[in-house]
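One letter stands for each residue in the lines below.
2 protein chains.
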Amino acid sequence: MPGTFCGHYYVAVFTAVRTREQSGYSETVARREDLVKDVPGYLGTDYAQIPGGLAITVGYFRDADAVTAWRTDIEHRAAQKRGRAEWYESYTLHIAKVERSHGFTRA
Amino acid sequence: MPGTFCGHYYVAVFTAVRTREQSGYSETVARREDLVKDVPGYLGTDYAQIPGGLAITVGYFRDADAVTAWRTDIEHRAAQKRGRAEWYESYTLHIAKVERSHGFTRA
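For the protein sequence lines, the chains are A and B, in the order given. Position 79 of the first sequence, counted from 1, bears residue number 79 in this note's numbering, the numbering being contiguous throughout. Position 67 of the second sequence, counted from 1, bears residue number 67 in this note's numbering, the numbering being contiguous throughout.
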């Protein structure tokens, strides 16, 4: 995530396995990346995926209100619905309040 | 993660970029996977990595005590130290209390 933040911000941890039906998916992800940047309190995202396997997206948000704003965004909700109908075999979502964090960067 | 849990369990979100120096790393990861299973309250792990890029490991723990037990495990601490000395270019760790979660599996 970009920078360092104080206080009890939130992480939204999304793990997903996708189906073989991926038409429209990459466009929606690109659009999602634009949309989330407009959410007040959005702090950044980390993403990783095993090719053909599990993908993990970690979104960082300043507070619970920011998480709710993103979760209930109308265009995002439509994408969530399409995800369940077409793109995701399974997923889990955990919304969690950060109690402690640290980072390391090689000198 | 395996199964579904009630109550306020914890996630430990570890993101890392590795160096080119990876001797001993894969053996240590295999050992770590064995070790963490012995931590009382350990619930499971999700992992993803962009080849050559960011890796994300999400550990799930029943409570804060379980997280502390894992963080302070002597062999794990030695591995953390070696990680900073050799294997990691950078990393972030967030310990967070889950407030809400849900999952989806295709019918």
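Hints may contain errors.
Calculated from the model, a selection of chain B residues having no Cβ within reach of chain A, i.e. all distances over 12 Å [stated by the list, open to error]:
#	residue
1	S23
2	A30
3	R31
4	D73
Interface residues of chain B toward chain A, partial, derived using beta-carbon atoms under 7 Å [said to hold, decoys possible]:
#	residue
5	V17
6	S90
7	Y91
8	T92
9	V98
10	E99
11	R100
12	R106
None of these hints come from the bench; they were simulated from the model. Idealized CB from N, CA, C, for every residue including glycine.
Hint-by-hint comparison with the structure:
| no. | hint | result |
| --- | --- | --- |
| 1 | S23 | holds, 17 Å |
| 2 | A30 | holds, 17 Å |
| 3 | R31 | holds, 21 Å |
| 4 | D73 | holds, 17 Å |
| 5 | V17 | violated, 9 Å |
| 6 | S90 | holds, 4 Å |
| 7 | Y91 | holds, 5 Å |
| 8 | T92 | holds, 4 Å |
| 9 | V98 | holds, 5 Å |
| 10 | E99 | holds, 5 Å |
| 11 | R100 | holds, 4 Å |
| 12 | R106 | holds, 5 Å |
In terms of the numbered hints stated before, the structure departs from hint 5 and from no other.
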